[in-house]
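*Asks:* The listed protein sequences derive, respectively, from chains A and B. When the first sequence is numbered by the numbering used here, its final residue is 672 and no position is left out of the sequence of numbers. When the second sequence is numbered by the numbering used here, its final residue is 672 and no position is left out of the sequence of numbers.
Which copy is meant is left open, because identical chains are indistinguishable; a pair holds if it fits in one copy or across any two.
Pairs of lysine-lysine residues, derived as DSSO-like cross-links and limited to a Cα-Cα distance of at most 30 angstroms, are as follows:
#	residue 1	residue 2
1	519	286
2	560	216
3	560	586
4	519	405
5	208	586
6	586	216
7	299	286
8	530	519
9	285	530
No wet-lab data here; the hints were simulated from the structure. This one's a predicted model, so the numbers in the text were calculated from it and none came from an experiment.
2 protein chains.
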Amino acid sequence: FDTEPTAVRLYLLYNHWLLGVLLYFFILVNLLLAVVEQPALVYLPIWACMLVELCCLSVFSGRLVHYAKVIPRDKFWKDPKNICVLIILLLTLVDMIIYGALKATDNYAVRWSRVLRPLLLVNFTEGRQLRRAFRSIRNALPQILSVFLLFIFSILIFSLMALKLFGKRGLKTNDGRPYFTNFLEVVFDLYVLVTTANSPDIMMPAYNASSFFAVFFIIFILINTYIFMSVFLAVVYNNYKKYLKEEVRQLVRTKRHKMVRAFAILQERHEGWEEPVVSHTSWNQLVRLVQSDLSHAHRELLWSVADHHNQGFIGKLAFVQLADLLNIQVIAVKSRPHPLQRWSPALYLSTPSRWLCRAVKHRVFVMIYDVIILVNAVFIGLDEEDPLIGNSEWFFLSLYLLEILLKLYAVEPRAFYSRHNFWNWFDTIIIVSALVATIINTAMTSVGGYSSRQILDIVFTLRVLRLIRVVDSIKRFRVILNTLIKIGPTMLTFAQLIIVVYYIFAMVGMELFHGKLQFFDSESPGKSSCGNPALQDSSFAKMNYCKNNFNNVVSSFILLVELTVVNHGFTAVTHPSARIFFVLFHIIVVIIIINIFVAFVLEAFFVEYTLEKSLLITSLEKKIQELG
Amino acid sequence: FDTEPTAVRLYLLYNHWLLGVLLYFFILVNLLLAVVEQPALVYLPIWACMLVELCCLSVFSGRLVHYAKVIPRDKFWKDPKNICVLIILLLTLVDMIIYGALKATDNYAVRWSRVLRPLLLVNFTEGRQLRRAFRSIRNALPQILSVFLLFIFSILIFSLMALKLFGKRGLKTNDGRPYFTNFLEVVFDLYVLVTTANSPDIMMPAYNASSFFAVFFIIFILINTYIFMSVFLAVVYNNYKKYLKEEVRQLVRTKRHKMVRAFAILQERHEGWEEPVVSHTSWNQLVRLVQSDLSHAHRELLWSVADHHNQGFIGKLAFVQLADLLNIQVIAVKSRPHPLQRWSPALYLSTPSRWLCRAVKHRVFVMIYDVIILVNAVFIGLDEEDPLIGNSEWFFLSLYLLEILLKLYAVEPRAFYSRHNFWNWFDTIIIVSALVATIINTAMTSVGGYSSRQILDIVFTLRVLRLIRVVDSIKRFRVILNTLIKIGPTMLTFAQLIIVVYYIFAMVGMELFHGKLQFFDSESPGKSSCGNPALQDSSFAKMNYCKNNFNNVVSSFILLVELTVVNHGFTAVTHPSARIFFVLFHIIVVIIIINIFVAFVLEAFFVEYTLEKSLLITSLEKKIQELG
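Looking at chain A on its own, in the form it has when it is part of the complex (with noise of 0.2 angstroms):
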């Protein structure tokens, strides 16, 4: 590393917050532009896009220069990430003059480079953990692809049965088509059986023709949807735990190694100790430099942790964990007075003002609010039109807010809102939030005289939102509930993994599929067919599918998601070889990602429960309570 001003300057410049908002700002601009995109939601011509497209790609190269020149130019080249981020953006505008080409001259065009556009996401640095989730699929493969050939192994053989068995029969499908006649028909049926999809319909034919045949398919789902679907996850959960192992072990020992080397330049001598050793005074300057919001009572805690005999220095092993030192959230229980009392400590601290504050905090009043909050309940079922229930709402409301009002009162307010405090934060937006919505729609209603649904669907949330209060103040749902909470941020990451594999299957889908279905929302011709002549009073259209269209990127995403749910028939719907797209989509999705996702809830409630506190957090605790 270079340690020149300039370059210092710049590098703290690249880490500097702003710069990594900035950039995911603009990674989302570049993937919301298929919105505006063909096929559009919202149309915008052609040239507005490719502007905003070009606005993006230059932040994006802006920001990859700045990269290059921050860190050693054989290190930038030999990162596969940064090479990729560069071909992204040269296909992506080697694409575009071919787009803006072709439309200008009429020509029929696809922009297939809005396929990498989430790979961006993936590869910029920022997406550490991302990257991992990838680098754990991609680690998972071989073992998964073993499993998963014996897996068709076993549908083909499955398949080749059932055309022997039933092909000959003559039986018809509930529809009046040949069951079971075309090899390929039995394969993809089948496929669609395991995921259960289909589960009665597709046995129905042969099970009435015969009850024996039903043991053919119950062996099949026996075999197919529970075993290699259970061997699935155990191959997936596998991999992930044993990946994750290897990728905690790497960062331990790279930390380790980075502590040594700080360890070699704040070092000094001791006299009468043979070790070198680093004095209080450089260990205070460094911790104040790394992070400087710590108050001082929580550093000479840390200090007298590390430094267990109060010599006044320490050795390389305490000086290197530093680092787990710091990551350990000491909540600071300051017992700070509360701003009432310093306003007027006569009145805080009179006879009922305490007895106030010690009703506040007993169990009784918890319950009370348990108790109001299932009358709320009662009440919120009850029909709304009856002007007694909708005015009970205020009743409701002014109790909830009473409530927090008087916590405020007995607990002081930072406490209340500090970063543990979940169900505080969760209380007060929502109980505000109410109120808010609460006060505009009676506005509205009185001036106007009607209500607008949107508001009303927002204080109605709201009210049932409030309810989920009631499962903290029983003990059992609440470690399930704070596991669940302790596991969101991580699900966050998920949340990108899925989102980049759906962008992609969105874009693939729409450029393939967009058109071929309409929704008609009133009463229209086409309704019966949704606009497409090949499903003329198809079961399809009968059921009011028409809406799962890849017409726009809001309708795909919507699609995908029920496709991952239930991997229905859809595939039938325009032509036989789109079957294709949606096997393959179950496959990386349901197969690999929901594994993934299933392993990783599993993996968060075994830790739970085997949870017992690492070494470092009980000598801190031992420190604390020795000092009192």
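Since chain A is already given, all that's left is putting chain B on it; use the hints.
*Replies:* Just chain B, lined up with the frame of chain A:
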């Protein structure tokens, strides 16, 4: 324990395998009575059913009395399973008397005690594995209950929100009913959505009204289907593992304890040795008594493992290991000469014969047969009415037969058919049955001029099953398959568990719902309504689901399997209150039992991936290597 000769003889008689088989046979007969009892698949008069059941009851009582004579009286009455069996027998008797009396006077009567029958399978001593599975479920229940309550709470909250958001909008479902207006209906619909059975349908009316409402359903599915179902799996898996460990630990402790007691009986003093020891002679006697089929060489091997230092006696520690030693299956690679070699050594050991043996064991031989199998697969896929294809079957059959004969020539037959050679057994059984079935089929065609559909079905199935063999020659598949084959026996416990639960639900379902629906084979006026006016032109009848009913025990079982796979809206079929039955079934079977099954498969694969040989096996192997 009583050690009188009569008592010992009684005890030995009790443990005789024939009595065990007899007991299982009568339990099976008792369970199968459901086939002939009303509502019957095959009609049998009531007195005949009663007679058979009485016969079963007397056998069970006899067994119980026998058991009571064998073990001490206080132990007998302390064991809950004996009490349980006794109560079941009494209740069954009472039920039979009431039922008989009511039927004799032509009153309506319910055979409620049939629900208790599968409990006999659980509670007779032989069902130890099954009891363990039930105990494991019972132990997991409290934790499952917490998650379940939270899950139900989440569904209730979402239902309330759905009611508020969609109820007043005047939306209609696809069959014209009002959408989300009744709270209980909403709860049920959303519960079914968790199982993904009604996935896009339930969402379509809201989604068609506005795309924003899709967000509600996506969040619902994310939380309830993905997160909560994973948490259920985590809880079940965690408890399963914890409980398994506990059971294994206890088993080992009991075994140790018993071995120590045996040691106390056999121990003797040895000069120059402080601790009591067991001599080689008494050890030999004991082993010969316990496992009389053990060869002398094997016994000597075990002794030399136990007696490291060749002292002629062993201490307590080495003696206690005996049970584990006996459990290890030493595959005695008896280099026994081939029978042909004994019969004509000159011929069998001649150069062409040796060359043939080498060729058969060569890799190329396996590959040639893999190619043959693949070619065969193509031929099976083609139309078998073409005479060329039809006759090719004989060619392939003879090739397969030749393979088996060649292998039998090269390998000693008893080694070839030893217990761990799964694939050799598989091959031989499939090929020989295929040969027999094909011959019967050809004979029938040439004699009667027609071929039986049943025999053809069997022929086709066997033909396709032959292809599975190809998997065994690919190494990466073999690992997975071997794990699956290894867990096969334990899966039998699951099969029993699921049969117990299915049987109970089938009995209840048959009493509640039998005769509500009818299945009509041909076109008949009742077909469009499944014989129930309430279902006239319903989508249930239109989808041809009429055969999914509780009219007899076979269709009940098949329906329950279908419900396990996808808990469809079968429920709305006759009466809304029937839904309780289906939700209960889903909770017990899908949430608990299927998760245990998945946990079990997961555990098997995790163990397989991290398997390390136990110390004892290693020490045995070392000894074998030492001995050469």
